[in-house]
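Chemist: Given next are the chains, with one letter for each unit.
There are 2 protein chains.
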Amino acid sequence: MSLDLATKPHEALAEWLADDLAAVNTLIRERMASEHAPRIPEVTAHLVEAGGKRLRPMLTLAAARMMGIEGEHHHRLAASVEFIHTATLLHDDVVDDSRQRRGRPTANLLWDNTSSVLVGDYLFARSFQLMVETGSLRVLDILANAAATIAEGEVLQLTAARRIETTEETYLRIVRGKTAALFSAATEAGGVAAGAEEAQVEALRAYGDALGVAFQIVDDLLDYAGTEEIGKTVGDDFREGKPTMPVLLAVARADDEERAFWQRAMGRGALEEGDLAHAQALMAKHGAFDATRDAAKAWIARAKESLERLPEHPVKPMLASLADYVVARLH
Amino acid sequence: MSLDLATKPHEALAEWLADDLAAVNTLIRERMASEHAPRIPEVTAHLVEAGGKRLRPMLTLAAARMMGIEGEHHHRLAASVEFIHTATLLHDDVVDDSRQRRGRPTANLLWDNTSSVLVGDYLFARSFQLMVETGSLRVLDILANAAATIAEGEVLQLTAARRIETTEETYLRIVRGKTAALFSAATEAGGVAAGAEEAQVEALRAYGDALGVAFQIVDDLLDYAGTEEIGKTVGDDFREGKPTMPVLLAVARADDEERAFWQRAMGRGALEEGDLAHAQALMAKHGAFDATRDAAKAWIARAKESLERLPEHPVKPMLASLADYVVARLH
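Each protein sequence line maps, in turn, to chains A and B.
Position 102 (the first sequence) corresponds to 102 in the numbering used here; numbering is contiguous.
Position 101 (the second sequence) corresponds to 1101 in the numbering used here; numbering is contiguous.
Rather than coming from a laboratory, the hints here were simulated on the basis of the structure.
One or more hints might be untrue.
[Unchecked claim] Derived, one-sided and incomplete: chain B residues facing chain A with beta-carbon distance under 7 angstroms: (1) 1037; (2) 1126; (3) 1129; (4) 1155; (5) 1164; (6) 1195.
Every residue gets a Cβ at the ideal spot worked out from N, C-alpha and C, and that includes glycine.
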């Protein structure tokens, strides 16, 4: 039921942006081609056409439309954002040695790690070519900064693994790298391309950032509190020793015995039967689920406050509903 | 002896550009830092400070100086070129599963593939940030195109492996991806940053391209004709089934029996004792060594012709000597 209700805002946005999205999809198909290396479009198509929701390019299109864009630069920008996203997915699957994404085998499994690394590099270069075509150095600056934050966040996640003493500050930095940096770059760049005023560009950036942070916090919560009907595998982060918010909150409130448990299971990765259930029980006992949900809700409130600073436009209530949808998955 | 003579042009250039190079090294050290993810500068320093020759950034500096650059944008550009080079080395070592580079263990061996992929991504993003600071969209265009050509060439090399029927056209495309694309982008961007005229920018681009193609052809030749005193491991390309120029020439002139040998050894990778020596003997028999050397020399001649189109400057004879040095390794 909640899922049914929840998918609506995303679909409404896609419907409103249908022409723009069609143009972006055409551009993506054109630019992922490589006349000389057919492996490139093969690998890319596997991922790009696997039915991703195009959430990030939609954020760019929505921001640009709200700010009254003319011309077609927002299509290039949206395609560029999707290429950066796809490149990071390809590299992430190598890094995590993933075998499934969006219900299908990953590219590194179907081809090899090598293809995933190189095709990711190709898409990254292609994304910068598209940005250059928009003629905006500021857009390039925004997305180059986002790319650096993404890579930095991934490295940080790598070095924070199995460290239950990770601070909330570091966690937030990882969350920005994984999700919020590209969300905020997508909305900010859309506004810049449309020539929006500084205060509006900042509001768009803040919306994307808050939406992205909430999105990732919810994702991290569902890794413990999710159900199969939502399509989430529960326990991946626990097994991989990723110090996410529900863990950090439970660890902060742990007594000595509980702390020893977290150190053994997540810190050393010495898992025993029933550990995941015990971890979930400790989270429930210390209110870590509720506190994590509250944190996500607070970010959603911030996202919607940022929208308040933007002019009235048919897209605006859709972006507000999209924000609500992010936490609606938790009910 | 030949080595002694050969290192001179490179050192002369480094001496002439000493102040610029010092500024570039400072910039590299500053920008490879990551306050939050210390793994990044660790991995980068391992490679950047391992005594690479800084050939590519020197090409940018030399081109910019020849064209009378003022200000400091050429330092940012040279650092950017070195970051792209370092990023591709990190990713190449993952792709090739290399264990040694520049006589030291590779980053993927010391840390892991994951760190190499992500730190490469970080440096790539950093390089675009530096380019944005130069304020030149054209420079960004040149280097984004180079980055796409590099990735495309690597994918092409991957799919051409073990195909002894690879065409010379595909080989040249691989060579441009591996080496010439960044060489030519380095010289072209240096000229653009200095505000050189179109004809001069084109001459600089052509010099870098021809130098890079010759450089890679010689490298591929040394993989069969090199000696240990030159520091080359002979036979890597043969074992990995990479269809390089000496192979393609020997295959083109092969009789049926020889073709069957190439197909077994390089096409199927079913190596037997003495195969490398037999391959070298076939190359000698068919004049493949000489023809490859002649091809490299022709590219060097083109590089020097391109220099002729540029104004007189103290750096110009050094760039000509650098071109001669590339083939001098073969004597």
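Chemist: If a hint holds in the structure, say so; if it does not, say that too.
Modeler: Right, here's what the structure says about each hint:
1. Hint status for residue 1037 of chain B: holds, given a least beta-carbon distance of 4 angstroms to chain A, under 7 angstroms.
2. Given the 7 angstroms rule on beta carbons, the hint for residue 1126 of chain B holds: about 6 angstroms separates it from the nearest Cβ of chain A.
3. The beta carbon of residue 1129 of chain B comes within 5 angstroms of a beta carbon in chain A, closer than 7 angstroms, and the hint placing it at the interface holds.
4. Interface hint status for residue 1155 of chain B: upheld, as the beta-carbon distance to the closest one in chain A is roughly 4 angstroms, under 7 angstroms.
5. Here the hint on residue 1164 of chain B is broken, as its CB sits about 19 angstroms from the closest CB of chain A, past 7 angstroms.
6. At its closest, the beta carbon of residue 1195 of chain B sits 17 angstroms from a beta carbon of chain A; the interface hint therefore is violated under the 7 angstroms criterion.
Hints 5 and 6, counting from the list given before, are not met by this structure.
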